[in-house]
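S.K.: Sequence:
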Amino acid sequence: MRKGLFYVLRLKLDELYKDKGLTQKEVSKATQIRESTLSGMRRNSKESWDVHLLERLLVYFEIEDVTDFIEYNPPEDVESYLDEYNRQKEEYKRIFGKN
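Quick note on numbering: full-length UniProt numbering labels position 20 of the sequence shown as 20, and the sequence is numbered without any gaps.
Derived from the structure by calculation, the hints contain no laboratory data. A couple of the hints might just be wrong.
[Claimed, not checked] Here are the computed lysine-lysine pairs in the BS3-like style, where the Cα-Cα straight-line distance is at most 30 Å:
1. 29 / 46
2. 89 / 46
3. 12 / 89
4. 46 / 93
5. 46 / 25
6. 46 / 18
7. 12 / 29
8. 46 / 12
9. 29 / 18
10. 46 / 20
11. 12 / 25
[Stated by the list, open to error] Label pairs and their computed distance ranges (CB to CB):
12. 18 / 86: 34 to 44 Å
13. 77 / 22: 31 to 41 Å
14. 10 / 56: 10 to 20 Å
Even glycine gets a Cβ: it sits at the ideal position worked out from N, Cα and C.
Using the sequences and the hints given, assemble the complete structure.
M.R.: Next comes the structure, spelled out in structure tokens:
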């Protein structure tokens with residue numbers, strides 16, 4: 001999980017696994033999404049999600065309302081959130097030399 005930056009969006013994969021009585025391994029096999037990728041999505045350890053993977057999961061879990069899949073937690077202080085995001089982005093570019 002990224003340190004210092006709180007999450008505004010969170011995938012509800014844990015809840016879906018539990019509600020449907022499924023394991024990550026079963027979901028991986030059915031959707032052809034690597035277990036390690038699902039694990040990262042579940043833990044919010046990635047900066048972004050591949051829209052095609054999200055779509056595949058929405059179809060697999062038969063989700064009609066995206067709020068049943070993605071939780072939105074707006075930041076209390078938008079300015080602080082954006083400042084921290086930009087600081088981390090600059091640090092990433094400095095370390096890895098990427099945009």
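S.K.: Please go over all the hints and tell whether each is borne out by the structure.
M.R.: Hints and how they fare:
no., hint, result
1, 29 / 46, "holds, 21 Å"
2, 89 / 46, "holds, 13 Å"
3, 12 / 89, "holds, 25 Å"
4, 46 / 93, "holds, 16 Å"
5, 46 / 25, "holds, 20 Å"
6, 46 / 18, "holds, 22 Å"
7, 12 / 29, "holds, 19 Å"
8, 46 / 12, "holds, 15 Å"
9, 29 / 18, "holds, 17 Å"
10, 46 / 20, "holds, 24 Å"
11, 12 / 25, "holds, 16 Å"
12, 18 / 86: 34 to 44 Å, "holds, 36 Å"
13, 77 / 22: 31 to 41 Å, "holds, 37 Å"
14, 10 / 56: 10 to 20 Å, "holds, 18 Å"
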